[in-house]
Amino acid sequence: MTPRLTLATTGRVLAQIRHDPRTIGLLLVVPALLVGLIAWIFDDTPVFAQVGPAMLGMFPFIVMFLVTSITTLRERRSGTLERLLTLPLGKGDFIGGYALAFGLLASLQAAVAVAWAVWVCGLEIEGSLGMLVLVAAVNGLLGTMLGLFASAFATTEFQVVQFMPVIVAPQVLLGGIFLARDQMPETLRVISDWLPLSYSIDALTLVTDGGDTGEVLRDVLIVAAFALAALVLAALTLRRRTR
Amino acid sequence: MVNSGDAVVVSGLVVRRGRSEILRGVDARIPGGQVVGMLGPSGAGKTTLMRAIVGAQRTASGTIEVLGHPAGHRALRRRIGYMAQSSAVYDDLTVEQNLDYFRRVLGAPRADVDRVIAEVGLDTVRRSLVARLSGGQRSRVSLGIALLGTPRLLVLDEPTVGLDPVLREELWTLFARLAAAGTTLLVSSHVMDEARRCDRLLLVRDGRVIADDTPAGLLAATGAADHDEAFLRLVARGAGTHGRHAASGSEGAA
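Here the protein sequences come in this chain order: A and B. Under the working numbering, the first residue of the first sequence is numbered 1, with each subsequent residue one higher. Under the working numbering, the first residue of the second sequence is numbered 244, with each subsequent residue one higher.
In case anyone wonders, no lab produced these hints; they're calculated from the structure. Treat the hints loosely; a few may be bogus.
So, partial list: chain B residues that the calculated Cβ filter (under 8 Å) puts toward chain A [unchecked claim]: (1) Tyr325; (2) Ser329; (3) Val332; (4) Tyr333; (5) Gln340; (6) Tyr344; (7) Ala464; (8) Ala468.
Glycine included, every Cβ here is placed at the ideal spot set by N, Cα and C.
Let the hints inform the model, and build the full structure from the sequences given.
Now the structure itself:
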């Protein structure tokens, strides 16, 4: 991995997105709107206070998964990835470039959604807002890495979009949004221990309730470790020689 | 023994995809500093052979030596310019941005972007998004990327497809100029009349090289009036003086 090449790739990915203002708009506004909708639905009930933080983690994860998996699938299909791999670009530069570019977008998206949730929808946060943005951004990064990985197993855009419910839905269902994890059947609780979103939802809830920063950071590190593992798996799917 | 004048030496190359054999024991030499045309019908294995030379193709057996290294060697990544048949450019970037990104990846000087834009004649559209360009312009962006960093070997898969006669003429003139400066070019085409612009020809059919000669030598050996006819005669003759084996069996995929 060479910083110069990684940054060149990040710049290229961001330049591509800059030519597509509609995507930027959707990326930044949609999660905030959905959070707003949930706040409105559960107006006058304590539900938003409970699920609001989790939503802030879920959207960056889903959106970044979709954006990355489709973009990298396009690289595989258009031949640009093959071209890059015949050039002196490291696999780490390719993946790192994407991680940086989409990590940046995920952070922006998280900042907008958090600001909207707190200042407009009245979500009450005991802990630090910065922490909330950090957790949401790490979630976006996790989505990016899983998206990179998933794109290797799809040959069409249709397929890659189908991966979204496969990878996302179980994590959302088992993550403790609908029912606290310790109240689930034992088997499901054990499974949820192995899903990264469980830890981010836990972290978001902790920040909201003003929990221990050390515990939050431990959760963030676990999610980051999952993201790193997905990054390594994604790198293994990049092959300079193909059939 | 490898002749030091050869830029590429392929021997006994076999490539399989699933059960079909795409390349069935290809032997070929590409002398340095020449324009070598690879001609043959689509599905003959031209693209596969090119991908093998640039190190993007998994091979079953045989060896390929490129500029003194085995194909796919790390040292070759700066020395080979490869233009694939799919244009392999970013639609959502401008011509300039595409070239600049690949220039950075290669570590080539900044001035290369201007040089290449002039060489492929894209000056008027340099700030346009590639998505808005015509097919011929897109493929010239792709060719331009291959020219970045002044590689010693250029592998160009159908670079003139979809271009008008004037542009085709300009590109073949460019190829000749590059070869005169010492670059080796391997250029594929399924248009036989481009054969006369090459220094040497490789005729490929059904995963085999059925002839390897100069354009004039090929006509003389087959007694044909043009290269289309020469190709047909070689196929009809089966294993001739130039051919290694007659083409047989099922059609391979490209």
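Here is what the structure says about each hint:
no., hint, result
1, Tyr325, "holds (5 Å)"
2, Ser329, "holds (4 Å)"
3, Val332, "holds (7 Å)"
4, Tyr333, "holds (6 Å)"
5, Gln340, "holds (6 Å)"
6, Tyr344, "holds (4 Å)"
7, Ala464, "violated (35 Å)"
8, Ala468, "violated (38 Å)"
Violated hints, in rising order: 7, 8; the structure is consistent with all others.
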